[in-house]
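Asker: In case you want the letters, here they are:
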Amino acid sequence: MTGATLLAVEGLSVDLPTLRGPLRAVDEVDLELEAGRTLGIVGESGSGKTMLSRAILQLAPRRARIAGRVLFDGRELGGVAAEALRRLRSRSIAVVFQDPMTSLNPVLTIGRQIIETLREHLEIDAAAAQRRAVELLGEVGIPAAEQRLRQYPHQLSGGMRQRVAIAIALSCEPRLLVADEPTTALDVTVQAQILDLLDRERQRRGMSMILITHDLGIVAGRTDEVAVMYAGRIVERAPTPGLFKAMRMPYTEALLAAIPKLDAPPHTPLPAISGRPPDPTRPFRGCAFAPRCRHRAERCADQKPALTSADASGHRFACWHPIDPRAA
Amino acid sequence: MDEPLLAVRHLVVEYPAGRRTVHAVSDVSFSIARGETLGLVGESGCGKSSLGRAILQLTTPKSGSVRFDTVELTGLGRGPLRLMRRRMQLIFQDPVASLNPRRRIGDIVAEPLRIAGIRDRKTREGRVRAVLGAVELEPDQVLGRLPHEFSGGQCQRICIARSLVIEPELLVCDEAVSALDVSIRAQILNLLEAMKARYRLTLLFIAHDLAVVKAISDRVAVMYLGRLCEVGPTELLYRAPAHPYTRLLLDAIPVPDPDRQAATERAGRRTSFAARTTFRLPLSHALRARRRTLRRGDTRATRNRAGPSGRLPPPADCCVTCEPRTGPGLTVTGATPSLAVGPRPANKPAPRFSFRRRIFDGPHLSRNKHSATACR
Numbered sequence: 001m002t003g004a005t006l007l008a009v010e011g012l013s014v015d016l017p018t019l020r021g022p023l024r025a026v027d028e029v030d031l032e033l034e035a036g037r038t039l040g041i042v043g044e045s046g047s048g049k050t051m052l053s054r055a056i057l058q059l060a061p062r063r064a065r066i067a068g069r070v071l072f073d074g075r076e077l078g079g080v081a082a083e084a085l086r087r088l089r090s091r092s093i094a095v096v097f098q099d100p101m102t103s104l105n106p107v108l109t110i111g112r113q114i115i116e117t118l119r120e121h122l123e124i125d126a127a128a129a130q131r132r133a134v135e136l137l138g139e140v141g142i143p144a145a146e147q148r149l150r151q152y153p154h155q156l157s158g159g160m161r162q163r164v165a166i167a168i169a170l171s172c173e174p175r176l177l178v179a180d181e182p183t184t185a186l187d188v189t190v191q192a193q194i195l196d197l198l199d200r201e202r203q204r205r206g207m208s209m210i211l212i213t214h215d216l217g218i219v220a221g222r223t224d225e226v227a228v229m230y231a232g233r234i235v236e237r238a239p240t241p242g243l244f245k246a247m248r249m250p251y252t253e254a255l256l257a258a259i260p261k262l263d264a265p266p267h268t269p270l271p272a273i274s275g276r277p278p279d280p281t282r283p284f285r286g287c288a289f290a291p292r293c294r295h296r297a298e299r300c301a302d303q304k305p306a307l308t309s310a311d312a313s314g315h316r317f318a319c320w321h322p323i324d325p326r327a328a
Numbered sequence: 001m002d003e004p005l006l007a008v009r010h011l012v013v014e015y016p017a018g019r020r021t022v023h024a025v026s027d028v029s030f031s032i033a034r035g036e037t038l039g040l041v042g043e044s045g046c047g048k049s050s051l052g053r054a055i056l057q058l059t060t061p062k063s064g065s066v067r068f069d070t071v072e073l074t075g076l077g078r079g080p081l082r083l084m085r086r087r088m089q090l091i092f093q094d095p096v097a098s099l100n101p102r103r104r105i106g107d108i109v110a111e112p113l114r115i116a117g118i119r120d121r122k123t124r125e126g127r128v129r130a131v132l133g134a135v136e137l138e139p140d141q142v143l144g145r146l147p148h149e150f151s152g153g154q155c156q157r158i159c160i161a162r163s164l165v166i167e168p169e170l171l172v173c174d175e176a177v178s179a180l181d182v183s184i185r186a187q188i189l190n191l192l193e194a195m196k197a198r199y200r201l202t203l204l205f206i207a208h209d210l211a212v213v214k215a216i217s218d219r220v221a222v223m224y225l226g227r228l229c230e231v232g233p234t235e236l237l238y239r240a241p242a243h244p245y246t247r248l249l250l251d252a253i254p255v256p257d258p259d260r261q262a263a264t265e266r267a268g269r270r271t272s273f274a275a276r277t278t279f280r281l282p283l284s285h286a287l288r289a290r291r292r293t294l295r296r297g298d299t300r301a302t303r304n305r306a307g308p309s310g311r312l313p314p315p316a317d318c319c320v321t322c323e324p325r326t327g328p329g330l331t332v333t334g335a336t337p338s339l340a341v342g343p344r345p346a347n348k349p350a351p352r353f354s355f356r357r358r359i360f361d362g363p364h365l366s367r368n369k370h371s372a373t374a375c376r
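Here the protein sequences line up with chains A and B, keeping their order. Here the first sequence stands for residues 1 to 328, numbered as in the working numbering. Here the second sequence stands for residues 1 to 376, numbered as in the working numbering.
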């Protein structure tokens, strides 16, 4: 199942024109994702993680200037014509967005939305599509599926709506699922259910998945590899167990420290990251995290660190003064 | 000093839903001592926001008593209530939606002072500057700007400043950090702790995430289907949760540690799933609802029975305090207690402003389509 590279991103940059000049949302990102594996992309809001996913899906705003290449199964997506891209997006790549209320059409029934997708892309007749839709809703844990098909999005709870959005995304058996903050709008209990569901369906279908979130806690148990983004760049990338054992980039460590710990006593002050991310319309010479970093030195302000690897484990980080794993 | 600042006794909040009634809060009693932080935890729809609002008399409770300091708030007239509200303030989940997009930050933060009748502009501005400084914003850079120029975290700081400017005694935070990023959330939690010490606040902290609640609370109350199912000192409640529902909430927290998550997965979460479903409705109800055919327009709850676990018998120790589905935003139809959760508008109109006020202010120039249509 694994081994072949399904998705490769090479030197991808996205510039958005603004009144204050071009805003660099994604800055020379390289990624690979093997078939059947899960990649977590973690970062604060504004770190470019969503824009990266849009650029991968070729859904970036039209006015955006995109450099670099996105290769899906060896085929470059940048040059693909609109119609072919549409086919590709449903059958090969699917997306689940953060807010299921806005990604579902409020004036169409759930059934209509699922069946439309199925008929359009799989070219099956209405009866077969109806049967498949019922099956799909069952697979994502929606009971009484036939009745549900006649309901409208507003008649479902947030968790149920997200399940429907996942059912639509899975309907054409995609090979890659991009889940962009799929649980941010949901309760913790529903969040756990939705993440379990995504995990289960991914394994069953041998799908690859990109899970985008701001919470390191979410990627910990559910991804094979994690990429941490800051100011449009990937600043640390490693296999998940390795990353949580030894974080090398001070930003990743700070993100982790900011999560309230269940085993810490009440009123423990949280080590929040002071300051704010840099203004993306102003290019900076050095490391973007340097102004907020407690390990910074002179070099950090002048020279941009590249994403490099210290050993053979595949753990890569962009930092001049990485945290020593033995010191931790 | 032994007298609690807030004492809630047998509070009941109900909303009409067609011919039936939604029991949002059923017979809830608790108290908060002066200077204490009480965390109130529960899933959406459990009635925790209704409870918070009923305490501030933003929704009128059906029965029960809310005693603030020595004053009984239920049944208080408009004038006296307005005076009391100076002593208790509320912070909402969505900081951007709870700031009027057309008004400058200086005016927004000064508003409570104007309502409180402080006529002198100089005094007002002095206090606004002081409180903006306290929430770590630079007054000179902030006063003349509009909400859209700020990030979510900064907007929440502004909301906190607005609520603290008249120096209340009780601050109700309704999911005040739920919409924020991990790193910003930590900043706001630290800020709330600092403000609590500085302004000698008593906090009612409403949230759905037990990890966040633990970080800030002295005592924690867990709410389920309109009732409190467990109340206790924070450490004890987390060390030895007595109610299975509390355990379920604890299990759902994503722990940033792959090994421990794998362990939870193997040991606990599957079973807590079953507990969750049997919690929602007694088994017989669940099965009955499944067999019934639905008519057009009918809505039925299926949240109760997600997955195959509905077949499991309910654990003996739960279902005891649970009534069939209650909560705000619920629509009730049909004869069985099956319900569906209604839509929750992305941006609720800020309850601080009456519709009259919003209409007089002119059309909302919000970027959000929900509030735009709401004001048309």
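Just so you know, not all the hints are guaranteed correct.
Claimed, not checked - Just so you have them, the derived chain B footprint on chain A, three or more residues with Cβ under 8 angstroms:
{"#": "1", "stretch": "8 to 17"}
{"#": "2", "stretch": "211 to 224"}
{"#": "3", "stretch": "260 to 269"}
I should point out that these hints are in silico values taken from the structure, not numbers from a laboratory. Source: prediction; values computed, not measured. For glycine and all other residues, C-beta sits at the position ideal for the given N, C-alpha and C.
Asker: Now look at each hint and say whether the structure bears it out.
Answerer: Here's how the hints hold up against the structure:
Only residues whose C-beta sits within less than 8 angstroms of a C-beta in chain B count toward coverage, and the stretch 8 to 17 of chain A has 0 of them, not enough to reach three; the restraint is violated. Counting residues of the stretch 211 to 224 of chain A whose CB falls under 8 angstroms from any CB of chain B gives 8; the rule of at least 3 is met. With 9 residues carrying a beta carbon less than 8 angstroms from a beta carbon of chain B, the stretch 260 to 269 of chain A meets the three-residue requirement, and the given coverage holds.
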